Amino acid sequence: MRWWATASIRVRLTAWYTAVLALMLVVYAAVTFLAVRHEFHEQLEEEAHANAELAAATSPEARVEQQLDEILLVLALGLPVVVALAGAGGYLMARRALAPIDQLAAESRRITADRLHERLTVPNAHDEIGRLAAVVNETFGRLESSFDQLRRFTADASHELRTPLSVIRGIGELGLRETRTPAEYKEAMGSMLEEVDRLTRLVDTLLQLSRGDAGMLRLSRDVVDLADLAREVAASLNLLAEERRQRVDVAAAASVRVLADRSVLRDAVTNLVDNAIKYSPAGSTIRIHVDGGPERATLTVADEGAGIAPEHRDRIFDRFYRIDEARSREMGGAGLGLAIAKWAVEANGGQIALEPAGIGSVFRISLPRATAAGKSG
Amino acid sequence: MVRVLIVEDERKLAQVLSTALQAEHYDVVVAATGEDGFYRASAERFDLVLLDLMLPGRSGLEILKTLRQRHVDTPVLILTARDGVEDRVLGLDRGADDYLVKPFALPELLARIRALLRRGRPSDVFRLKVADLEMDLVARRVARGDRALDLTGREFELLEYLLRHHGHLVSREMLARDVWKEPRRATPLDNVIDVQMARLRRKVDSDGAPRLIHTVRGVGFVVREGEP
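Residue numbers (the numbering used here), protein chains in the order written: chain A, 1 to 377; chain B, 1 to 228.
None of these hints come from the bench; they were simulated from the model. This structure is a prediction, so every number in the text was calculated from the model and none was measured. Fair warning: there could be bad hints in the mix.
Far from chain A, some chain B residues (derived; all Cβ distances over 12 Å) [what the hints assert, rightly or not]:
1. Lys-12
2. His-25
3. Tyr-26
4. Ser-42
5. Leu-92
6. Gly-95
7. Leu-128
8. Ala-131
9. Ala-139
10. Arg-201
Some, not all, of what chain A presents toward chain B, calculated at C-beta under 7 Å [stated by the list, open to error]:
11. Leu-23
12. Met-24
13. Gln-149
14. Glu-194
15. Thr-200
16. Ala-235
17. Leu-239
18. Asp-274
All C-beta atoms in this analysis are idealised placements derived from N, C-alpha and C, irrespective of residue type, glycine included.
Bound conformation, chain B alone:
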């Protein structure tokens, strides 16, 4: 079982995070102070640490630095309320593997955790398949059952991203950053994403076939067989 250490002093947030991670079948340990977090991270074995930067007592950056100096190289994902570029650079320089700015969307956090845990393992999947929807990434062919789908470049990338996160929620932020390659999310782009998604859905989920692309209100999208 994958063990995750959450170092977060805000009780409610720690609770939400731990519930969300447990629902994804991770083994979760919560540390509410910097000292406790540091002690556990250096004494026990974890697969991943979620580290809040602003902690009472010992700051997240200090903990991170000391851990790295002691050659504890567990992947660390920083949670921070500061979104200045300097803060991010500082965090990554001190040895963090990724960062997420509060308030973040849970689907994005989960996706990043998966990405960190996957790291080092090859992800050379050239065929993606969900129910009767099949994607051949090399030949760039998509078919639903025996009906070939004609997708534009962007639609193809979008569907590939959704299928790679098959069964998991994908937020608009993730799509903006990873598919549209826009670092900043703005209202126009959100509208573009929605329109693009509507078109993709018309192509994929037509002809009375069971729906695969679902919208989860207020969160984003998910590809899944049956109801979300």
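Pulled out of the complex, with its shape left as it was, chain A reads as follows:
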């Protein structure tokens, strides 16, 4: 690396400015000097012409040369002084101008992971430094919210993992406290195993999500007929709907094909329909609607349940987020169904959203359509 790349901006700025100034001054001085000399010589010639008969006693040429030498001396001595003064002034100016950056750096360094709520002071929002500070502040904002999310996720995950563990432990300790009948032991162990099952599934789901986050899951690209997929999911969950005297209706346009990993996408739709069945009243209808635009295909799942209150809408896809903790736990969920659905749809290049709806809730999955050139399947 050259020396100037390692010097501070302030030094580089001053050096450039001084060099350019010196060059300009030298050129300016040289031009001035030459012009003055030219002028003197012309005058001299005119005078010589006019006073031709007067033979000059003193040589005017020698006098002019002397004056020119004096000018040259002044220029040669004055120029470095002017440049030096201007350089020093520039150096000070640069310090003043760049001081806020040093301050910014010092402030940023103070904002560590546990002080992410702090922000940089913005001295003047309109200049370059102010804009930089604003950008850095926005970055801190995003960092803060992702740290918050991570913290919440860790807290939720450890809660979810610890709950079954403490149940298992409690049952075991209780069982050992006094002698019980074989039937009671069987009951206790069965209930332990249920918790183990819950733990296993939770760990599986978390692993799947974190592998997805890390980009370690390789998804296949199949041509999936969304109508087929919708009917398949409806058929597989129909039994659950029947139990609650609900109907699962599928309305689908013909051959709406997308490129996606079939089983992953199916998980997403299954989770949506399962939620719809769980959270709508007995006797209601769950509607799956498949439609294809020119570029995107959509699949919506609409139910006639209570819907989702506005305050929950933003976080409904967050991991472990539950609207009604007690109720969904009772139904065996860990609050990961929609998070999985979101991950599954986005991993396939689509979007999932909760649509505003009059009654119930409407989830919309939108995916890019498979091109006509794609394989048929």
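With chain A held as given, fit chain B onto it using these hints.
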């Protein structure tokens, strides 16, 4: 007597496995290290090897590869904590006959062991019978005593699977994979299985007849005469 070699370094797991297999009347030998396992598998005769992949000293995959190179073709069931597709493929490619991901359910392990031991023998049974419950798989007729049962397609498959594992526990994982053909088990499917099982039970175990389908809490289901 069927001899099974367990190569597993985790002492408690080895103990659980050996107890479970002995309860099923297998003759069990436990090897706690890769070296010991390899030595026994090549020197003695076993009908089946349960092989842990992560072993101190010699890895399970290495043992498997060397055994196969030496033409020891005892069926090998791999137990692994890694559930990546690559790991499974690697294991099966090296000559394993089946694999099971930890933590596994014992009923499933036992069912897979039975399946491996049964291999090569025809299982062409067209009639299944437990107590007074009879299934004709060709005519697709089911009767409890002299009462004919009207089962849906899925109920029929479910009952057939239960009867084929008559007397043995069947877990929800096994049902999900073998009857519903779903490779992944998810909560919705578990609920579907439970509802389907409840319906099947209403048809099979009604009218005061002795119960045949039993739920074993935390494990799964079993078809058996009398209490489980």
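We went through each hint and held it up to the structure:
No beta-carbon of chain A is positioned within 12 Å of the beta-carbon of Lys-12(B); the least distance is around 14 Å. Look at His-25(B): its CB is around 22 Å from the nearest CB on chain A, clear of 12 Å, so calling it non-interface holds up. Once the 12 Å rule is applied to beta carbons, Tyr-26(B) is consistent with being away from chain A; the minimum gap is 23 Å. Distance check for Ser-42(B) against chain A: the nearest CB is about 35 Å away, which clears 12 Å, and the non-interface claim stands.
The beta carbon of Leu-92(B) is kept farther than 12 Å from every beta carbon of chain A, the shortest such distance being approximately 18 Å. The beta carbon of Gly-95(B) is kept farther than 12 Å from every beta carbon of chain A, the shortest such distance being approximately 25 Å. Taking the minimum C-beta to C-beta distance to chain A, about 24 Å, the non-interface status of Leu-128(B) holds against the 12 Å cut. Distance check for Ala-131(B) against chain A: the nearest CB is about 23 Å away, which clears 12 Å, and the non-interface claim stands.
Listed as outside the interface, Ala-139(B) is consistent with that label: its C-beta sits roughly 26 Å from the nearest C-beta of chain A, beyond the 12 Å cut-off. Against chain A, the non-interface label of Arg-201(B) holds: every CB pair exceeds 12 Å, the least being about 14 Å. At its closest, the beta carbon of Leu-23(A) sits 66 Å from a beta carbon of chain B; the interface hint therefore is violated under the 7 Å criterion. Checking Met-24(A) against chain B by beta carbon gives a least distance of about 68 Å; that is not within 7 Å, so the hint is violated.
For Gln-149(A), the interface hint is violated, since its Cβ never comes within 7 Å of a Cβ in chain B; the closest pair sits about 24 Å apart. For Glu-194(A), the shortest C-beta to C-beta distance to chain B is roughly 4 Å, which falls under 7 Å, so the interface hint holds. About 6 Å separates the beta-carbon of Thr-200(A) from the nearest beta-carbon of chain B, less than 7 Å, and the hint is met. Because the beta carbon of Ala-235(A) sits about 10 Å from the nearest beta carbon in chain B, more than 7 Å, this interface hint is broken.
The restraint placing Leu-239(A) at the interface with chain B holds, with a minimum CB-CB distance near 5 Å, inside the 7 Å limit. The criterion of a C-beta within 7 Å of any C-beta in chain B is met by Asp-274(A), whose closest approach is roughly 4 Å, and the hint holds.
Checked against the numbered hints above, the structure violates hints 11, 12, 13 and 16; every other hint is satisfied.
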